[in-house]
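Sequence lines, in order, name chains X and Z. Start counting the first sequence at 6; every next residue gets the next number (this note's numbering). Start counting the second sequence at 601; every next residue gets the next number (this note's numbering).
Simulated from the structure, these hints should not be mistaken for lab results. It is possible that some hints are incorrect.
In the DSSO-like style, the derived pairs of lysine-lysine whose C-alpha atoms are separated by at most 27 Å in a straight line are [stated by the list, open to error]:
1. 231(X) - 215(X)
2. 215(X) - 205(X)
3. 215(X) - 603(Z)
4. 603(Z) - 7(X)
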Amino acid sequence: MKRSERAALWFVLPSVFLVGLFSIYPILESARLSFYRMILMLPWLGEKFVGLENYRDLATDPVALDSLAITLVFVGVSAALEVLAGLGMALLLNESFRARGLVRAAVLVPWAIPTVVSSQMWRYLFNDRYGLFNFLLFGRATERYLAPLADARLAPAAIVFADVWKTSSFAALIILAGLQTIPDELYEAAAVDGATAWQKFRRVTLPLLKPALLLALLFRTIDAFKVFDLVFVMTQGGPADATNVLQFYGYKKIFAEGMIGYGSAISVGVFCFSLVLSFFYIRLIGARVLEKGTAR
Amino acid sequence: MKKALLPFAIAVVLVYSLLPFLWFVLASWKSPAQLTAIPPEIVPAFHWGFYRSALTTYGLPGYIRNSVIVATATTVVSVAIGTLAAYALTRFHFAWLRFYLVVLLCVSMFPQIAVAGPVWRILDALGWLNSYQGIVVAYISFSLPLAIWILATFFKELPYEIEEAALIDGCSRPQALRRVVLPLAAPGIFTAAILVFIYAWNEFFFALIVLTSPALQTLPVGIALFPGEYTMPWGELAAASTIATLPLIALTLFFQRRIIGGLSAGAVKG
Numbered sequence: 006m007k008r009s010e011r012a013a014l015w016f017v018l019p020s021v022f023l024v025g026l027f028s029i030y031p032i033l034e035s036a037r038l039s040f041y042r043m044i045l046m047l048p049w050l051g052e053k054f055v056g057l058e059n060y061r062d063l064a065t066d067p068v069a070l071d072s073l074a075i076t077l078v079f080v081g082v083s084a085a086l087e088v089l090a091g092l093g094m095a096l097l098l099n100e101s102f103r104a105r106g107l108v109r110a111a112v113l114v115p116w117a118i119p120t121v122v123s124s125q126m127w128r129y130l131f132n133d134r135y136g137l138f139n140f141l142l143f144g145r146a147t148e149r150y151l152a153p154l155a156d157a158r159l160a161p162a163a164i165v166f167a168d169v170w171k172t173s174s175f176a177a178l179i180i181l182a183g184l185q186t187i188p189d190e191l192y193e194a195a196a197v198d199g200a201t202a203w204q205k206f207r208r209v210t211l212p213l214l215k216p217a218l219l220l221a222l223l224f225r226t227i228d229a230f231k232v233f234d235l236v237f238v239m240t241q242g243g244p245a246d247a248t249n250v251l252q253f254y255g256y257k258k259i260f261a262e263g264m265i266g267y268g269s270a271i272s273v274g275v276f277c278f279s280l281v282l283s284f285f286y287i288r289l290i291g292a293r294v295l296e297k298g299t300a301r
Numbered sequence: 601m602k603k604a605l606l607p608f609a610i611a612v613v614l615v616y617s618l619l620p621f622l623w624f625v626l627a628s629w630k631s632p633a634q635l636t637a638i639p640p641e642i643v644p645a646f647h648w649g650f651y652r653s654a655l656t657t658y659g660l661p662g663y664i665r666n667s668v669i670v671a672t673a674t675t676v677v678s679v680a681i682g683t684l685a686a687y688a689l690t691r692f693h694f695a696w697l698r699f700y701l702v703v704l705l706c707v708s709m710f711p712q713i714a715v716a717g718p719v720w721r722i723l724d725a726l727g728w729l730n731s732y733q734g735i736v737v738a739y740i741s742f743s744l745p746l747a748i749w750i751l752a753t754f755f756k757e758l759p760y761e762i763e764e765a766a767l768i769d770g771c772s773r774p775q776a777l778r779r780v781v782l783p784l785a786a787p788g789i790f791t792a793a794i795l796v797f798i799y800a801w802n803e804f805f806f807a808l809i810v811l812t813s814p815a816l817q818t819l820p821v822g823i824a825l826f827p828g829e830y831t832m833p834w835g836e837l838a839a840a841s842t843i844a845t846l847p848l849i850a851l852t853l854f855f856q857r858r859i860i861g862g863l864s865a866g867a868v869k870g
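Extracted from the complex, chain Z is given alone in its bound form (with noise of 0.2 Å):
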């Protein structure tokens, strides 16, 4: 790339990446009369009505709780349950365990529709719509094959001997898991919960089916579902979404290599 473009470059990718969110976010600082202005005004009014309203009137605060709820528990569930299932896929070898790696990929990909209908229908069976657990087992059906991914790829990374040790000096395999393991994973196993995490929390469509009661539903339902037929309250819908989408970025600004070696693990890596 010639030399002189490369600032040229940056700018473009920058405004592109950066320009379009940051004008909704302005859009929650400005004065109801500064929304609709044309030509737009740029600097905002740092009127703080919209968030004020969005966080009494539009019930944020219980979309917030339900989603941190959620996205916790689908984390902390499909991790543990991850680990076990990635240390017995990366350290047996069974040729029943290489199918089920297999499965567990077609799972990733699977379009939600394809099985909408009947987990419904399950959690209807089960009286769990309308509920945490409910919502949180139809995550972990998609979460886990995910997480699933991610830390057989890092668990495979890490020495073997050390672990063999432990086994000849009369560890048992889940001691073994517990002492020598985990303590060397810790590094991918909080990759795996922070993508696990972004997942849940941005998930829209089994939270829009399963959780049809506003008292329960997610951040993403909330903001979908934003009242407002003929004129949307723009002001307080960018308020909310600033709120929602602000932990997420600060995550990702934070956790950037690690969030970068997660995507990548399952994919290039191999």
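Just chain X, same shape as in the assembly (with noise of 0.2 Å):
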């Protein structure tokens, strides 16, 4: 080893350990507990080696099946949503006008707030009694009120809804900065061509914006896919898991029920989606990132 090399090791090192410890172990614990039964409530049980029974359960678990059919609505939604809101708060932002800063500041606003109190804010919104959301949708006709949180229909899309509200400003801002690299020339070229503002737009914004709404909607997937901290505050899983998604299935299993050996066999399907979903990422941006990331 050359000496550079070894002083590159000593800088990483502490990184290193940290998320070795903390990231690495765990995730490949998590793998082997799947093939253990363990049970925290019933310790006399230990943990006995099961082979793939925890997975062969899980397959065929009607609440896991369901919860995964759940998560990937709510990923596909959601992240379609805060793309689509995304793209028209970046197109707004991207235009001049006089309090444009202030309008970028306002934006960001729900990305800052942390998410267990926009949860809060929501199922206030949402109350059946008193919410805003009631008022504006019947006025004084109390008796029309709904309970969104409480209906197993329309829970999901409140879940969804608040999602998007609080996320769609971070997908805006990433298409803002793909949409500053669009050259004005190609704007002004096509204006001579005597093109309408729509064709613009169809025609040099969208094929040039495609990789930042792309990766947009990557991160937008990655990050719905852990979603918790909504579902926790604002349905517990419920009405009748309508709002079960998989982290949330995973840590009633593990936490509450105490099941280590099943709820990690979720745990590790949790992560294959994301490894997976990683993956596409690491094609999309990685590389580029790499080539340039190491050299200076």
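Put the two chains together into one complex, using the hints given.
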């Protein structure tokens, strides 16, 4: 080992140690535990190796399968809406007008609010007796008021809405950065050719914005997959498991029911999904970053 | 975009972004009767009772203190260790460093549940459940990759020539880092610190599983587990939420440009 290589090792060692102990080792340990039957409330069972049994149970557990479906729908719908809302905001912020700095700051406000706080806020706004949501919809006709968080059809929509509100500004920032790389000359050329605003958007903006849109979509997909705070505060997975997303289900199994082995199988499943997503992410952006990143 | 539509679009975005939280903040200043009024009363009575009871009977000062300690400690440790790592990652070119960067990228995308059980067991074995050091190490594993990514994108932009000159003049690597790189990279380090602080201040999942003793819980846990089964004490909850959020909004508005730069650093600039 060369001297410079040893120096490099010393510089990264503290971070390698922490990431190794608190991220890498736990993943491997989760994978190991997923092959065992281990129940915290029944300690006398000990750690019993059961092979793939937890995974077989998982594949036939209707709650788990529902949870997977709910999570995929949540991720798909909210990530798509976030990118759309983000695109709208980014197009607005890319225009020049007097109070642009102020609007950009306002857009960042939902991003800065802790998710737990925004979850409680939406619970208040969706309240079935005096929530603003009901008043805006039905006015004083209190007999028609809805209880969105207690309704199995409305609760998932409410969670999606709360997520979109909180995170579309992040998508907007990424898309805005993409918009700012499009040279003005292209719009000028399009204007000379007599293009309408829609044609400019369709033929110039969208094609050149594709990488930024894809990146925003991927980022939001990865993050939406981790949804937990909203569900914990707003619905506790209910009503009737309608918002029981995977991360919440895994939490319930491990920490509320003490089903370490089974819960670990859920963890590993969730991890595999996120690994596939990170693979796409690295393909999209990582290669570029790496080439320039490690060289100077 | 048509010019006539612009004011309308601005209004829509402003209302969408600000109204929900503003409504919640207003609730904290309403009187108990105003809270449940139909039709809702917009102008609050500026009644400070909810703030008083949130601070006295709901234990808010303790949550605030815990959040400040945990978020500050997480930021200091992550940025210090992250600076060392990011320096090496941008100044040396070895295949294993490149691989390490990929690993960090993956780690930053892990769902918390994938590691939660074993992390809990490690902290239990160390006797670090319900302790500041326990929650800080649990956070660092996630905040460190974030810090390293942001710092690495900033370090990469720094001219290498000055540093090279210092090394030729007999500076050691740590000296070059301290005397040449750190002063130049201060803005980037500051940006990473703000983002890690916000991340740690808002984190809920690990705080929920590691901090079960109310005396050590942070603001998000306190607010998520706010007592009240059938009738929520909305006024107190709104007051506590406002107190928990205002520092972050102030930070965001004040350092808007840095935050936007930092968020898009890892993502787009590449």
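Review point. What hint numbers does the structure not satisfy?
Key: 4
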